[in-house]
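Trainee: One letter stands for each residue in the lines below.
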Amino acid sequence: MSDTDIVESLKRDLGAKGLELANPAPRRIFLKIAPADLLATATVLRDKYDCAHLSTISGADRGETFEFLYHFASPVAVITVRTGVPRSEPRLPSICAAIPGAILYERELQDMFGVTVEGIPDARRLVLPDDWPDGQFPLRKDWKHVRTEEVIPGGKS
Amino acid sequence: MSFQIPIGPQHPALKEPISLRMTVEGEVITDADIRLGYNHRGLEKLAEERTWIQNIYLTERICGICSHSHATCYVQGVEKLMELTPPRRGLYIRYLVSELERVHSHLLWLGVAGHEAGFDSFFMYTWRDREIVMDLLEMISGNRVHYAINTLGGVRRDLDEGQKSKILEGVATLRKRSEYYFRIGATEPSFVARIAGVGMLSKERAIALCAVGPVLRASGVARDVRKEDPCAVYDELDFNIGTADSCDVLGRVVVRVKELLESYKMIEQMVKGLPDGDIVAKAPRKAKPGETVSRYEAPRGENIHYIQANGSDKPERLKVRAPTLANYPATVEMLRKGFIADIPLIFAAIDPCICCAERTVTLVSARSGEESVVRMSDLRRRALARSGNAPVKGNAVWPF
Chain A
1 MSDTDIVESL
11 KRDLGAKGLE
21 LANPAPRRIF
31 LKIAPADLLA
41 TATVLRDKYD
51 CAHLSTISGA
61 DRGETFEFLY
71 HFASPVAVIT
81 VRTGVPRSEP
91 RLPSICAAIP
101 GAILYERELQ
111 DMFGVTVEGI
121 PDARRLVLPD
131 DWPDGQFPLR
141 KDWKHVRTEE
151 VIPGGKS
Chain B
1001 MSFQIPIGPQ
1011 HPALKEPISL
1021 RMTVEGEVIT
1031 DADIRLGYNH
1041 RGLEKLAEER
1051 TWIQNIYLTE
1061 RICGICSHSH
1071 ATCYVQGVEK
1081 LMELTPPRRG
1091 LYIRYLVSEL
1101 ERVHSHLLWL
1111 GVAGHEAGFD
1121 SFFMYTWRDR
1131 EIVMDLLEMI
1141 SGNRVHYAIN
1151 TLGGVRRDLD
1161 EGQKSKILEG
1171 VATLRKRSEY
1181 YFRIGATEPS
1191 FVARIAGVGM
1201 LSKERAIALC
1211 AVGPVLRASG
1221 VARDVRKEDP
1231 CAVYDELDFN
1241 IGTADSCDVL
1251 GRVVVRVKEL
1261 LESYKMIEQM
1271 VKGLPDGDIV
1281 AKAPRKAKPG
1291 ETVSRYEAPR
1301 GENIHYIQAN
1311 GSDKPERLKV
1321 RAPTLANYPA
1331 TVEMLRKGFI
1341 ADIPLIFAAI
1351 DPCICCAERT
1361 VTLVSARSGE
1371 ESVVRMSDLR
1381 RRALARSGNA
1391 PVKGNAVWPF
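If you read the protein sequences in the order shown, they are chains A and B. Residue numbering for the first sequence is 1 to 157, as defined by the numbering used here. Residue numbering for the second sequence is 1001 to 1400, as defined by the numbering used here.
Pulled out of the complex, with its shape left as it was, chain A reads as follows:
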C-alpha cells in the first residue's frame, strides 16, 4: 500500500472525523482529529491499517492548546494522529481499550503535561516522584526548573 493509497483510504474511512490529512515525507502521514474520536480512530487504524503498534505519544505545549501526537507504525508507514485539547480544560480519552501498550505513554503524559486521561486503567504517576508537588508539570513551557536551596546539616564550614 503506497502513501497515496493510505491517504485516500483514510479519507474514505474517517469521513468528517479526519480534520486534516498530510503526507509531507515518504512513509510519514499526519492526521488531525478531535479528541473525542481518538479511540474510534485507533481502532480503525489497528484493524484496517495494521497499526497495532503504537510507537509513542508525544506531547507539545502550543500555548492555548496542548497538542498530542500518537505515532502509529504500520509495516509501510508511520501514521501520526494529532489532536489538540484546550489548556484550560486538558482532558483526553484513553486508547488503552484498543491498544493496551499505550498505558505507559498515557501515564507519562499525565505526569508531564497535567492532562487528565479519562478511562485510563492505571492513573498512578509514572516518571515523577511520589512526593512531587501537585500542579507542577515539567514539560509545559511556562514551567521553569528552580533548583532547591542546598541544606547542609550543620552548615557550611
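Heads up, some of the hints might be wrong.
What the hints assert, rightly or not - Derived lysine-lysine pairs resembling BS3-like cross-links, with alpha carbons at most 25 Å apart:
| id | chain 1 | residue 1 | chain 2 | residue 2 |
| --- | --- | --- | --- | --- |
| 1 | B | K1203 | A | K48 |
| 2 | B | K1272 | B | K1176 |
| 3 | A | K144 | B | K1314 |
| 4 | A | K141 | B | K1314 |
| 5 | B | K1286 | A | K141 |
| 6 | B | K1227 | A | K48 |
Stated by the list, open to error - Just a few of them, taken from the derived set where beta-carbon distance is under 7 Å, the chain B residues facing chain A:
| id | residue |
| --- | --- |
| 7 | V1293 |
| 8 | I1304 |
| 9 | R1317 |
| 10 | K1319 |
What the hints assert, rightly or not - Listing some non-contacts, in silico: residues in chain A with all C-beta distances to chain B over 10 Å:
| id | residue |
| --- | --- |
| 11 | D3 |
| 12 | A16 |
| 13 | L21 |
| 14 | A36 |
| 15 | A40 |
| 16 | R91 |
| 17 | P93 |
| 18 | G114 |
| 19 | T116 |
| 20 | P133 |
| 21 | V151 |
Source of the hints: derived by calculation from the structure; they are not laboratory data. Ideal Cβ positions, reconstructed from N, Cα and C, are used throughout, including at glycine.
Starting from the structure of chain A, add chain B where the hints point.
Mentor: Below, chain B alone, put in the same frame as chain A:
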C-alpha cells in the same frame, strides 16, 4: 498466601533504576507492577534550551551502550528538517558504526544471558570477542563508548584503507567465533534447557503490548525498522530479519545470534562498497519551522524521536522514546506465571543495562512483614538450584 517482592529502585538486572513489585504465590509470580522515574534526567526539557549541534552530544548521552543509536536517530530527523542531504560516504560511515555498535551490544547481551543462566564460560568467550569490535570502534572514532562520530550533515571522521582492512579482518575473526555460538546448543544441552520455555510472550500479546526489537522478533513478528522504514543506506544492503517463534528467552538468544551474522554481512558490504567523496555537508545553524518523526533500529529495538522546529537554532520540542520503555509492558507479561528464580533471566532477556555489579534484592514476607536481603548471587544460585531440580526440558532443541 501471596508475598510481595520489591525489586529496585536500585537493582543490577535493570537498565535504569526502576522499581518492580512482584506478587508471588510460592515460587510463582502472579502479578508484577512497575514504577519508573528514578533516573529521570529531564532531558527533553533540557534539549529545548540547547542548540541543534549541542543536542547531538546530549542525545548521545541518553544511553551508555547504544549511544550512537540516539544520536543517529536525532541527526536523521534534524537533517530532514534542515533539508540537508549528507554525502553518501558520510552515511556509509555513520551506519557502519551503527552496525558495529549492534555487534558489540549483542555480544555483550549474549554474555549476560549465559551468565544469568549459569553458563559463565560463554560469558567469558563473548566478552573476549567483544573487545575486537570495541577496538575497531575506538580505531574509527577515537572512543569506546560515546563515539561522537555523528554531526549534522554527515560524520566527523573519515576511514582510510588501513582501517578498512582492519575492520574486515576483525569481522572475519568475529564471524568465525560466532559460529561457535551456533554450535553451542549441540554441546551444551543444559544451557538450552535452562532458557527454553522461560519468559513466554505470545505473538498476540507481543503485538498488543507494542513490544519492539529482538523481543518482538523472538515472538515470531518479522518487524525491523531497517527494513520497513529504511533510512539512507539500508535499502541498498542485502540482509534478512532474524526471527524465532519459540516466544521465550531461547528465542531471544536465537534472534540476537542471527542478527550478529546479518550485521557482519552488512559491515562487509558497507566497507567494500564505501563510496568516494566528502564525509560531511555544511549544515545551517537554524532549521525552518516544521516537524519530523525519525525512527531507527537500535540494538534493543525501535527508537523514535519526534522533533519540532520553530525557526530558531533550538528545537521547540524533542520527544525521545527509547526501546526499553516500549518493552516494559511486555516484561510484566513475561514475568507473570514465571518463577522467582527466572526473574534475572527474564529481565536480562529484554537487554537492560549491563553495568550491573552485585547488588541486593529485598524479599518481604507478607505473613510476617519481615524483610530479608538477598544478594544477586544468591538469587542466581537459587535459580540454578531450581532448574537443577526441575526435570530437564527434554523437548527443547537448539534450532540451528
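Trainee: So, against the hints stated earlier in the document, which numbers end up violated here?
Mentor: none
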